[in-house]
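Residue numbers (the numbering used here), protein chains in the order written: chain A, 534 to 1040; chain B, 534 to 1040.
The reader is advised that the hints may include incorrect statements.
Since copy identity is lost for identical chains, a pair holds within one copy or between any two.
[Stated by the list, open to error] Here are the simulated lysine-lysine pairs, DSBU-like style, with alpha carbons at most 35 Å apart:
no. : residue 1 : residue 2
1   : Lys652    : Lys1037
2   : Lys735    : Lys689
3   : Lys1037   : Lys811
4   : Lys1040   : Lys721
5   : Lys815    : Lys546
6   : Lys660    : Lys721
7   : Lys986    : Lys735
8   : Lys689    : Lys956
9   : Lys798    : Lys566
10  : Lys1016   : Lys689
It is worth saying that the hints were derived from the structure and are not from the lab. Keep in mind that this is a model prediction, so the values were computed, not measured.
2 protein chains.
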Amino acid sequence: MFEAAELGRKLSKEDFAAAAPALRAEMLNLQIKLREANFPVIVVFAGVDGAGKNESVNLLNEWLDPRWVVTRAYDKPSDEERERPEYWRYWRDLPPKGRFGLFLSSWYHTPLIGKAFGKIDQAQMDKELEHIIRFEQTLADDGALIVKFWMHLSKKAQRSRLRKLEKDPATKWRVGPDDWTHWKQYDKFVQAAEHTIMRTSKGHAPWNIVEGEDARYRSMVVLTTIRDAVNRHLEARAAQKETLAIEKEIRAKKPAQAKKTVLSKLPTILSSLDMTVKLDPKEAGVVLQEQRGRLSQLHRKIKDNGLTVLAVFEGSDAAGKGGAIRRLTSALFARDTQVVPFAAPSSEERAQHYLWRFWRYLSRAGKVTVFDRSWYGRVLVERVEGFCTDDEWRRSYDEINDFEEQLVAHGIVLVKFWLHITKDEQLRRFKDREDIDYKRWKLTEEDWRNREKWDEYEQAVNEMVERTSTLTAPWTMVEANDKAYARVKVIATVCDALEAAVKKHSK
Amino acid sequence: MFEAAELGRKLSKEDFAAAAPALRAEMLNLQIKLREANFPVIVVFAGVDGAGKNESVNLLNEWLDPRWVVTRAYDKPSDEERERPEYWRYWRDLPPKGRFGLFLSSWYHTPLIGKAFGKIDQAQMDKELEHIIRFEQTLADDGALIVKFWMHLSKKAQRSRLRKLEKDPATKWRVGPDDWTHWKQYDKFVQAAEHTIMRTSKGHAPWNIVEGEDARYRSMVVLTTIRDAVNRHLEARAAQKETLAIEKEIRAKKPAQAKKTVLSKLPTILSSLDMTVKLDPKEAGVVLQEQRGRLSQLHRKIKDNGLTVLAVFEGSDAAGKGGAIRRLTSALFARDTQVVPFAAPSSEERAQHYLWRFWRYLSRAGKVTVFDRSWYGRVLVERVEGFCTDDEWRRSYDEINDFEEQLVAHGIVLVKFWLHITKDEQLRRFKDREDIDYKRWKLTEEDWRNREKWDEYEQAVNEMVERTSTLTAPWTMVEANDKAYARVKVIATVCDALEAAVKKHSK
């Protein structure tokens, strides 16, 4: 795999100088074209020490307009980072559409170094590579261009380099005992590298192996590879646009309403809910207070144990999400609790993968966070209103399950609520809102429009629960025609989850 | 994940009968449309015992025109199957374009049952699921429609079913002690199932969870799901066709020749070969005989150890592949040796994934097989001549590495040769062929046409070796200007590989 990167290729000073000005102009023009494009460029550098990873990044920063370039390198995770799932820091740093992101010692660092130095075994390495594959697939599916460089030096070349550095008094300090230890592990490192490259080189995220010995040669390869990849991707995305337009046309010809079939009248998850459940008004207050007391006590334990809680609320319009959330949070310590409402994404958020804004708001350890609406918008409103393509919402079930698995694997206590009301009850509440002055602001034209698509939303909710209610992250369906009942069920469910988590944690 | 499949949904006899005729006609029409399409439909059934896997397959065979349907179920591997890599049997059975393939107890069987019954651990299961993901991805990338059904029964429903069968003297025999043992493992089975479904449910190969208790209900779900998926895929493929047409247009506008850049004149893998090497004509015969003797002896050992050998030959036109192959095989026992030449694929082969024809010719254990040309056609002739799209040949490096890894993991001794001659030497040989009567048939118009694309072929070969010469399956570059030298190098390399394999095997 590395034969071609050990040919001793060099580029003369004259040849480089002759080609440089035109290429430099091309790179800047490319960046201007990219600024208009609807995808980011993610460039990953990995490889052998001394093969020019840092130098290549420096060069790119010099040749490109650095205002539209993000450069990131990762060290040991900070406190902030350790308190979130492992990939939080990579998600946080992703470049928005139209920009370059240059990554040094990226997500590849841990599996590669871990395996090469015998800290993890093959199975663990493969698990981590699996994670990488899913991560890159998710980004590529969303249109990101991913270009990966493996900067290579032969064992001999690496030794010469270290010796040369040692000889010169001016650079001697750059070689420590670690460098020679690493050099002795060369063969193991290269073996781990080949396995990594084979596993993670995909059509949408290929590795480019670059001979790193000669600075001019490797610079020219890195620059022209990026140039060609961006140009190809610009073309491919333009062609895809046509496909989407054709798809849209086909969809426009179809009836908006889902066809009623013989299966439509059978029970569904939603239709199986007993929507008549209610609490006796006399009892309701007492039970609610009880549960709120229970929650307060549990919150102290949660904090003491450094546990993180994420409660996600989705529901029909006017189902009482806001009220339920208020009853929940007012029983918690405000300084450790945060409610994050999600409406239409900001322009900054629109320039990223749709999951980005939810990664963004993951809290530090010991906190309770409530998401008022969430990533499920992708398979609800975005699906029904056609804000994303069929392919996009269909594959997002997997992306969501994968995301939630990462949350839970990190130890986050995740609870998900769907608050449901009947169509009649919704109408009653809408009318109430029209009639009562201080409630009127809550009702918009959009609510009425959504109501017209009631059946489509129901279908989307049923499918959402079917596909994303897992042992890892189950949905709790809340029958919310009776507000008191719904509020008690929400708080009691949160309490149960916290109790289980505390019990598990103190084991 | 299985909540929606435990709602107790039933379809009445009347409703089913009312919907059936129209649906039946739809299915047949669909099949007619599919026959013209350029993709196969792969339907996988898995799930809980008694949830209707077999019945669904029977129904599909009844409702569809069975001439265009392949049905497969897998038991313990046969001798024939055990002597090939694990997935050989699945590749062999893939339906061609335009047809349905129905798979029972498919590639999911081993990881699922293995994990549920504690025969394999989580790491092993994940490794096997990883294999499945790559397999399905490869097929889907090639356009296959993959529909997967998980037929579900609740624990309670499964118990009722077994009890009911036991009660009736006519069906009592169908319940064995195994069935109750399985039932007791229900929870573990479902846990393994959820993990499997989450890991392997992809946008291009989603799982559909079906409540299996009521036969009419589950039949209707299975049939309509397949109908809708095929219709959607027909539409999507039609839209993709437009994209490809646009891509082709863009490519047509580009100059056919790769642009010469400042990097073009630097050494490459091919240009670094010392093309002047030759054997002294006096020595050559002796050395060749020596190596052939060595090979004969090794072949006996190979046979005794049940080892399988696959030698792959690629090379420039007129580089002497045929001659080298003849010198090699004539030193082997003919009954255990087979040469398979690959030219343009047959119509049957064209209706399958491009790797299918190579899977097909993998031999049983103890044999030596020589492939005269191979799967590398994808990144050589198909790339250069534009027989496949850019995306197709780019992603095939991974597919090829993955394929070869499976061969080597199975214990096959794989050697790959590139026979190289210089452009001048080729011209000399072409002219020779024109001049000598009994050689004239070897030279075609196509050879001259290929020669015009010499530079493009060189670029393709260099990239091929860069991307597919791995520790697992390295390329051997053969300097073939001197025929004697090339023949000796080929045979000696095969001998070295066999020696190493025998040594490893007898350890």
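Hint check results:
1. Lys652 <-> Lys1037: both (28 Å within a copy, 27 Å between copies)
2. Lys735 <-> Lys689: Classified as within: same-chain Cα gap 30 Å, cross-chain 44 Å, threshold 35 Å.
3. Lys1037 <-> Lys811: Within. Shortest intra-copy distance 33 Å satisfies the 35 Å Cα cut-off; inter-copy 73 Å does not.
4. Lys1040 <-> Lys721: between (39 Å within a copy, 23 Å between copies)
5. Lys815 <-> Lys546: neither (88 Å within a copy, 47 Å between copies)
6. Lys660 <-> Lys721: So lysine 660 and lysine 721 pass the 35 Å test inside a copy (19 Å) and across (22 Å) alike.
7. Lys986 <-> Lys735: between (40 Å within a copy, 28 Å between copies)
8. Lys689 <-> Lys956: between (74 Å within a copy, 33 Å between copies)
9. Lys798 <-> Lys566: For lysine 798 and lysine 566, the Cα distance is within 35 Å only across copies (30 Å; inside one copy 52 Å).
10. Lys1016 <-> Lys689: between (74 Å within a copy, 33 Å between copies)
Checked against the numbered hints above, the structure violates only hint 5.
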